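There are 2 protein chains.
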Amino acid sequence: MKYLRTFELIEAVVRAGSIRKAAEDTHLTASALNRRIQNFEQEFGWPIFERLPRGMRLNPAGELLMQHIGLQRTDLARVQSQVADLSGERRGHISIACSQALLPYFMPDQIAIYRAAHPGVSFTVNVRDRTQAEQDLASFSSDLALVFEPVHLVDFEVLYALPQPVHAVFQRENAMARKPELRLHDCLAHKLVLPSAAYGVRHLLELAAARKGRSLAPIVETESFDLIRHYVTCEDAVGFQIPIGLSAEKQDTIAHRPLAERDVPVGRLLLGQKKGRTLPVASSKFGQQLVAALEQRAAH
Amino acid sequence: MKYLRTFELIEAVVRAGSIRKAAEDTHLTASALNRRIQNFEQEFGWPIFERLPRGMRLNPAGELLMQHIGLQRTDLARVQSQVADLSGERRGHISIACSQALLPYFMPDQIAIYRAAHPGVSFTVNVRDRTQAEQDLASFSSDLALVFEPVHLVDFEVLYALPQPVHAVFQRENAMARKPELRLHDCLAHKLVLPSAAYGVRHLLELAAARKGRSLAPIVETESFDLIRHYVTCEDAVGFQIPIGLSAEKQDTIAHRPLAERDVPVGRLLLGQKKGRTLPVASSKFGQQLVAALEQRAAH
DNA sequence: TGCAAGCGCTGCAAAAAATGCACCGCGTAT
DNA sequence: ATACGCGGTGCATTTTTTGCAGCGCTTGCA
Numbered sequence: 003m004k005y006l007r008t009f010e011l012i013e014a015v016v017r018a019g020s021i022r023k024a025a026e027d028t029h030l031t032a033s034a035l036n037r038r039i040q041n042f043e044q045e046f047g048w049p050i051f052e053r054l055p056r057g058m059r060l061n062p063a064g065e066l067l068m069q070h071i072g073l074q075r076t077d078l079a080r081v082q083s084q085v086a087d088l089s090g091e092r093r094g095h096i097s098i099a100c101s102q103a104l105l106p107y108f109m110p111d112q113i114a115i116y117r118a119a120h121p122g123v124s125f126t127v128n129v130r131d132r133t134q135a136e137q138d139l140a141s142f143s144s145d146l147a148l149v150f151e152p153v154h155l156v157d158f159e160v161l162y163a164l165p166q167p168v169h170a171v172f173q174r175e176n177a178m179a180r181k182p183e184l185r186l187h188d189c190l191a192h193k194l195v196l197p198s199a200a201y202g203v204r205h206l207l208e209l210a211a212a213r214k215g216r217s218l219a220p221i222v223e224t225e226s227f228d229l230i231r232h233y234v235t236c237e238d239a240v241g242f243q244i245p246i247g248l249s250a251e252k253q254d255t256i257a258h259r260p261l262a263e264r265d266v267p268v269g270r271l272l273l274g275q276k277k278g279r280t281l282p283v284a285s286s287k288f289g290q291q292l293v294a295a296l297e298q299r300a301a302h
Numbered sequence: 003m004k005y006l007r008t009f010e011l012i013e014a015v016v017r018a019g020s021i022r023k024a025a026e027d028t029h030l031t032a033s034a035l036n037r038r039i040q041n042f043e044q045e046f047g048w049p050i051f052e053r054l055p056r057g058m059r060l061n062p063a064g065e066l067l068m069q070h071i072g073l074q075r076t077d078l079a080r081v082q083s084q085v086a087d088l089s090g091e092r093r094g095h096i097s098i099a100c101s102q103a104l105l106p107y108f109m110p111d112q113i114a115i116y117r118a119a120h121p122g123v124s125f126t127v128n129v130r131d132r133t134q135a136e137q138d139l140a141s142f143s144s145d146l147a148l149v150f151e152p153v154h155l156v157d158f159e160v161l162y163a164l165p166q167p168v169h170a171v172f173q174r175e176n177a178m179a180r181k182p183e184l185r186l187h188d189c190l191a192h193k194l195v196l197p198s199a200a201y202g203v204r205h206l207l208e209l210a211a212a213r214k215g216r217s218l219a220p221i222v223e224t225e226s227f228d229l230i231r232h233y234v235t236c237e238d239a240v241g242f243q244i245p246i247g248l249s250a251e252k253q254d255t256i257a258h259r260p261l262a263e264r265d266v267p268v269g270r271l272l273l274g275q276k277k278g279r280t281l282p283v284a285s286s287k288f289g290q291q292l293v294a295a296l297e298q299r300a301a302h
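Sequences listed follow chains A and B, in order.
Counting the first sequence from 1 gives a position; the numbering used here is that position plus 2.
Counting the second sequence from 1 gives a position; the numbering used here is that position plus 2.
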């Protein structure tokens, strides 16, 4: 869309931090780019950049403008998507920010199902912790967020909330596999493999431990849920995860059991969008599909 | 704003109904305008106009695009307004749709007060009946609406509601001036000067009359509240209006008294904006001023 | 039925705008 | 002191936009 070119160039300058670097990225000369910025500022009525000896930085007016640019671009995408829909074909691009736990099974399944029905739609899946996911929505970087225990919930419109108890994960030979439900102290007796502090599971466990006057001393702390799942088979340790990220297969080498609700509060996996925003058709419909899929899980 | 030129041209074609007429309005040649439309459609990916033998008309895709254009323009105004505000000066333009009753006293006062504090702000005051006012908000034609008894209330976010009983208006020599409050049948005994059906006062009166099994037979029916006010002195008739549109001056040649609430329901004067929209600073602040002014009236 | 009028659209030349190049002044780091 | 990277500017060049003339088409009217 050519009339958005100036906005793209402004964004390039913001990213690059200087006109000369942005000029390289955008395959323009610095002088041409410089003049476009200057012309825009004149039309706009105020400077949008601070000129520093080392380059350019947005001033407050520029920050406000960037919001407008974001809204502008996403709203255009919404219109394009609606227009494509009335021509019968569903086209477009869906970006979703989601917790790591959704990556192994849930998201791939859901995307495949959607794409089978609408091959013209492409996806961006951004892995985000619970803080980042909300920022992603706010900055229009993602249309949807599916995240465990988000923090602020400002500007976050909840489309569906799925309760998810924290599960302990261990190798299937472990004695804990014999109980249907575990107490926190059962787990704390073992070696712990924990996700790092940014994650909701860790947050809930910390809360629960503090309530019992215990503290968590993991032997391994990691950002990778994959590593947690695999490590427990290496050293007979206990990891923690939410069930949507775990396989239901019986013949798996690892087993998992829920923690008692009276020990560790049940977390919520929230599907949401930016409050007040009208999503493109594709994103909106995919959101509905996710709601249906989550409802089905809740019914089990 | 030059990058919005294409949108302006599209809107001109929509208004004019043909490229050639729009070309005159926009001081371009038909060929240049034609090519801009064609180029835009190509970039956009779909035609936005139907080509008829008599000219151009928006197709459904074009209708969707027009929404985007409206949002785009108003959001830019919002940003400009916010930027102006952070430079200390308040600038911008406020458009308000309001009922006719606000024109003689309330709106001029309020605008003068606001402009005394912020001379850089200009106003558009659109006189609209209760149906049109809501359409104005929806189409971004007005930032605010101050309207008596609106109809639908969809997409209408109420900022303040002021109760307004219907008042009867007559020349001060009329015997009714001696009572503090009037019954409906008192008025129906007189010659009636009524606003036309689009207005809330008429609507309330019709409801009240129907409830009593009476019908309204006005000797004069008009869209002009001004005419109503003045006519009652010409023939000793009774008009009806809401108090915010009436002077409180004692020495006036006309008097007015409220109708009993048990006869005619009290209407509401609603201040509102389009639901979900973030107004420019100027409009938002003016809205706050109006709320304060209406609150003060309510306290009396 | 023929004809004028109005419509969208197109080839081509002229006008306008955007771009690239060379270069300036300035502050900073080496 | 010097070299580097920064934003900004004058000028020639390239690209884009515009105006002009004219095409084919449909509609309304004599």
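Hints listed in this document are in silico derivations from the structure and should not be mistaken for laboratory results.
Where hints are given, some of them may not hold.
Same chains, same label: a pair holds when it works inside one copy or across any pair of copies.
Pairs of lysine-lysine residues, derived as DSS-like cross-links and limited to a Cα-Cα distance of at most 27 angstroms, are as follows [as the list claims (entries may be wrong)]:
no.	residue 1	residue 2
1	23	4
2	181	214
3	287	181
4	287	277
Small disclaimer: the values here were computed from a predicted structure and weren't measured.
Results for each hint:
1. In this assembly of identical chains, residue 23 and residue 4 lie within 27 angstroms of each other by CA distance both inside one copy and across copies; the values are 22 angstroms within and 26 angstroms between.
2. With identical chains, the CA atoms of residue 181 and residue 214 are at most 27 angstroms apart within one copy only, with a shortest distance of 22 angstroms there and 76 angstroms across copies.
3. Taking identical chains as interchangeable, the C-alpha atoms of residue 287 and residue 181 are never at most 27 angstroms apart, the minima being 40 angstroms within one chain and 63 angstroms between chains.
4. Taking the shortest alpha-carbon separations for residue 287 and residue 277, both the intra-copy value of 17 angstroms and the inter-copy value of 23 angstroms come in at or below 27 angstroms.
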